Each structure stands twice: as C-alpha cells, then as structure tokens.
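> Now for the letters of each chain:
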Amino acid sequence: MIEVSNLTKRYAGVTAVSNITFSVARGEIVGLLGPNGAGKSTTMRILAGYLPASSGTVRIDGLDVFRESKEVRRRIGYMPENNPLHHDLRVREYLKFRARLKGLRRKRSRERVDVVMEQCGLAHVSRRIIGQLSKGYRQRVGLADALVHEPELIILDEPTIGLDPNQIRSVRQLIKSLSPVHTVLISTHILPEAEMTCNRMVIMYEGKILAADTPENLQRLMSSNSQVIAEIAAPQAELHACWAQLPEIEQFDISASQGNYFRCALTPRDGLDLRPQVFELARAHGWPLRELTRNHHSLEDIFVQVTRPAEEDEG
Amino acid sequence: MQAYWTLVRRELSAYFFSMTGYVIIAAAMFLLGLSFVDLLKQLRHQPTPMPVTELFYMTWFFWLILVLTTPVITMRLFALEKFSGTFETLMTTPVSDRQVVLAKFSAAMTFYVLLWLPLLGCVLVVRFYTNEPAVLDAGIMGSTFVGILLLGGLFISLGCCASALTRSQVTAAMVSLLLSASLFLLAVLADQLPAQATWQSQALSCFALFDQMHDYARGVVDTRLALFCVTATLFFLFLTLRIVESRRWK
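Which chain is which? The protein sequence lines are A and B, in order.
Numbers 0 to 314, taken from numbering that gives the first Met the number 0, label the letters of the first sequence in order.
Numbers 0 to 249, taken from numbering that gives the first Met the number 0, label the letters of the second sequence in order.
Please note that a few of the clues may not be correct.
Derived CB-CB ranges, DEER-like [unchecked claim]:
hint: 1; chain 1: A; residue 1: Arg-126; chain 2: B; residue 2: Leu-226; range: 21 to 27 Å
hint: 2; chain 1: B; residue 1: Ala-196; chain 2: A; residue 2: Tyr-10; range: 35 to 41 Å
hint: 3; chain 1: A; residue 1: Gly-130; chain 2: B; residue 2: Thr-222; range: 46 to 52 Å
hint: 4; chain 1: A; residue 1: Gly-161; chain 2: B; residue 2: Thr-222; range: 55 to 61 Å
hint: 5; chain 1: B; residue 1: Ser-181; chain 2: A; residue 2: Asn-18; range: 46 to 52 Å
FYI, nobody ran anything at the bench for these hints, they're computed from the structure.
In this text, all values refer to a predicted model and were calculated from it rather than measured experimentally.
All C-beta atoms in this analysis are idealised placements derived from N, C-alpha and C, irrespective of residue type, glycine included.
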C-alpha cells in the first residue's frame, strides 16, 4: 500500500527526514514511533501529499504522491497533528462539508456522514458546534473526517495526544477496528499505544529509521541478551567457579546481598534462557535459591535503548 | 466543480458564522448612510443634472469603503486557515490549488457585492421622494455596479495575495491595506499631476482610477478601467496561486 524509498526532506538547513525506506502492506496497522522531532510528522505530511520530498519517492497504491497527487489524496484519510477543525461549524455540517470536498455525491455524503458519526460515537452530538466540544469529541470528529470518504489508507498523526485514559482507550479500539478493511499508519511517541494497536512498528529517531518490525519481534530481539538474576546462598568462590565453567554464560557479576545470599547477574550467550540451568545447579548443590528472574524488556526499554546511543553521540 | 462550490459556500457562510461579517456589513452601511446624508444635503440646495450614483461617487465615501473594507474581508481567507492548521486538512483533500484560490476569491467577491446592496436601497429612497424616474436609470446603475465590481475585484485579489503570504490575520490586513492605500495614492497622484508627454506621466495615467470610476458612476463604461482592473485582478490571483503552490517547491 505504501512504498517509501530513500525519502529525504530538508527544510532550510535542517534535515528532518533522511533517506528512509519502508513499506506498509494492505490492511496493516503500522505505528511510526519516535521521540518528538524525529521526523514522524514530516514523513506523514509527505505521504499525505501536503509537502513535497526533497528526494526519494513515495508510492501509495502504486501512485506517486507528488505526480499523481490528486489521485493519491482521494485514497487517503489524513488527520494532522493537533487535529485542526473549523470551530464555527456543527459536527454534521463539518463532516458533510468535508465529504463534499472529498468528492462524495450529495446522497452518498449524507449516508457516509451518518455511518462515520455512528462509528465514532458522535451521533448524539451531531448538532453541537465543534468549538464547544470536549477534546475527546473533537478528536473523534477528526477521525470521522479521515474516514468519511472510505479511504484505503488512513494516516493519523498522534491521534491520542491530549486525551484522558478512557478516551485513549476508545480511540485505540476504533483504530483497531479499522483493520483489515483499511490500512492505517499512526504516529505516536507513546509506546504502549503502538504496542497495543500496531501490527508493526517503525522506530524513527532524528530523521532515520532505527528499527522496523512487529512489536513481538522487537521485544524478542531485545530480550535475546536479557540477563537472568539469581539470588543464591552459597560460598562466593564456588559460585564464581560454577558460572565460569558454564559455556552458555557470556558474562556474570556477583554481588553480596542481604543475609548470606549473593546476587548473580548472568548474561547468556545467543539469547538462551538460563533459568532452568541455574535452578538445576542450585538443586544439585543444595544451595538455597530465593530469586530467579529474567529481565523482560518492554518496548519502553527498546525505545530507550535504540534511541539513546544517538543521543549520546550528539552530546 | 463540486469542490469549488462546496468551498465557496463554506467561505461565504464563515463570514456569517463569526462576528466579522456582521461588523464589516455594519461599518459599510454606516459609511454608506453617512454618504447618503451628505448626498441628500446637496440635493436640497439646488437641482442637479447629475445622476444619484455620480453624486454618491463625488462624496468620496466610495473610496473609503473600498479601501477600508476589502482588507478586512480578505484577511481571514488564507491566514486564518494557516494559523488554525485547517489549511493542511484542506490541501490534503483532492482539491486543486486553483480551485481553492478561486473559491476563496469568489466568496470574498460575493460578500463584497452584498456589502454594496444597501446603495441600491439609497437610490430607491431618492427615487421615491423625488418622483424622478430618471433616478433609477438601469444603465447608470449597471455601469456603477460594474465599476464597483471591477475595482472590488482588484482590491480583493490584492487582499487574497496578502492573506496567502502570512499566518497572521493582522499582518494580512495591514499588508493589503498598505497595498490598497498605495494604489489609492497613485490614483491621487495621477489625478493631481498635470498630464505630460513623458513616459512617467503616461504610466501614471494608467492609475487614474478616480476619473475612470467617475465615468462609470456617470454611466460611461470605460474599457481602460475594465482592462486595468481585470488584468491586475488576474495578476494578483496568479500571484496568490503561486504563493499557495510555493509549499510544494519551497
């Protein structure tokens, strides 16, 4: 559905997006993830045909976004950052205006407006003026606008920003319900959001793509070298000798803990899970074992891990 | 075409959904009323062969209304949308830049015409009290309104251009006021300086909007003004279009 290749965008002197390549298949929900200023919004604006790329190509449904801009725009439902709306219009008026603008015939636009208002839970506020609605409702109006012409691709720039937890949950559910009929690209800097809603994530930092995979794979990738922590009551020298001769352990660290326990942090080779072996060892030696855990990396850690080195380089 | 009409409707209704539209109409009606009082005073003293529209034009309120209201009408067209971000949602729908510029210009023109309708009322009042059928001469009324339309087009396209340049409505209004005032001053200059054979004088005579508009108010349709206004309007609309497009190559 989306093919981005070698996309670069430079503003006067600043490179906002540098040479990124990724693609999104039909029916996927893909999260564009990154800290503020990573180039997510710029990428989305280019995809939506609002800004041109400095170099590289973007194809949506096989069409070039710059050359066949109008055709592409017909296929896209785009909600920009901060969800700008006409605050002087009523909800139904606004959606109808947008539907007509997007080329829907009168009868069809009426039908579609009713459908999306139902879909986004706006039916009971259809006569309210947008400027007087709460932020959550406005966000839904923005979503309804993005959906009104039944686009194949929906691009949402930070759709849950500034919402309260309940509203976030309902917006997320709505986004999830769009797949597989629609392809969805959302940007966010909130990790759990991407973790919960997306089939795939693209992590961006300073205009570059650092990682792109499913949330599970990213997690697996990161947990491959996750440490096992074991607290064992045994003579330190024996523990030392024991870990040293185990081939699966790449690195270990022993420190004194409360009582006569020692806290061992064991880093495995090749992403092995060391827990059964450690337990087996403790049992064989008759050492009391009071804790055995494996660090589970959340996406948060991945995010920090992936984006931190670059930050330090910069400093 | 559908997108064009949808946009025109939206832009036009936006004037009436906010205070701006009513304030502009009220201000223009106030000025028109003042000019009408002025006009009636003149009529009381002696009979005149001049048509009412010419009398009205001679009160100078015409220029005041033109120069003061057009920047306020046009300031919000692009600047407000850019400021609130709705420009982005607008430009990511399948509408062409040309449709957007033309729709905004048309809406502003329509509003501008609405602004001048009370003038018709004033003329009707004169007709009612003087019992002079010649007051309501269709040709003179027509040519006056054509003149109003032509000059309005010029000043409004100028305002569109100013509004497309910036995100701030105040800046847009100031820039278009500045441009309109300069145009007005050029017209004053052309009116005051004696005609000479030099090219400067020739060039300046193109801006002799006072005389030309005076002709229109008298019922004489002068092609010079029509040509000047139409070309200038097209030029400024073209410039606006280029400014709107500029985000694609900036």
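> Which of the stated hints cannot be reconciled with the structure, identified by number in ascending sequence?
1 and 2
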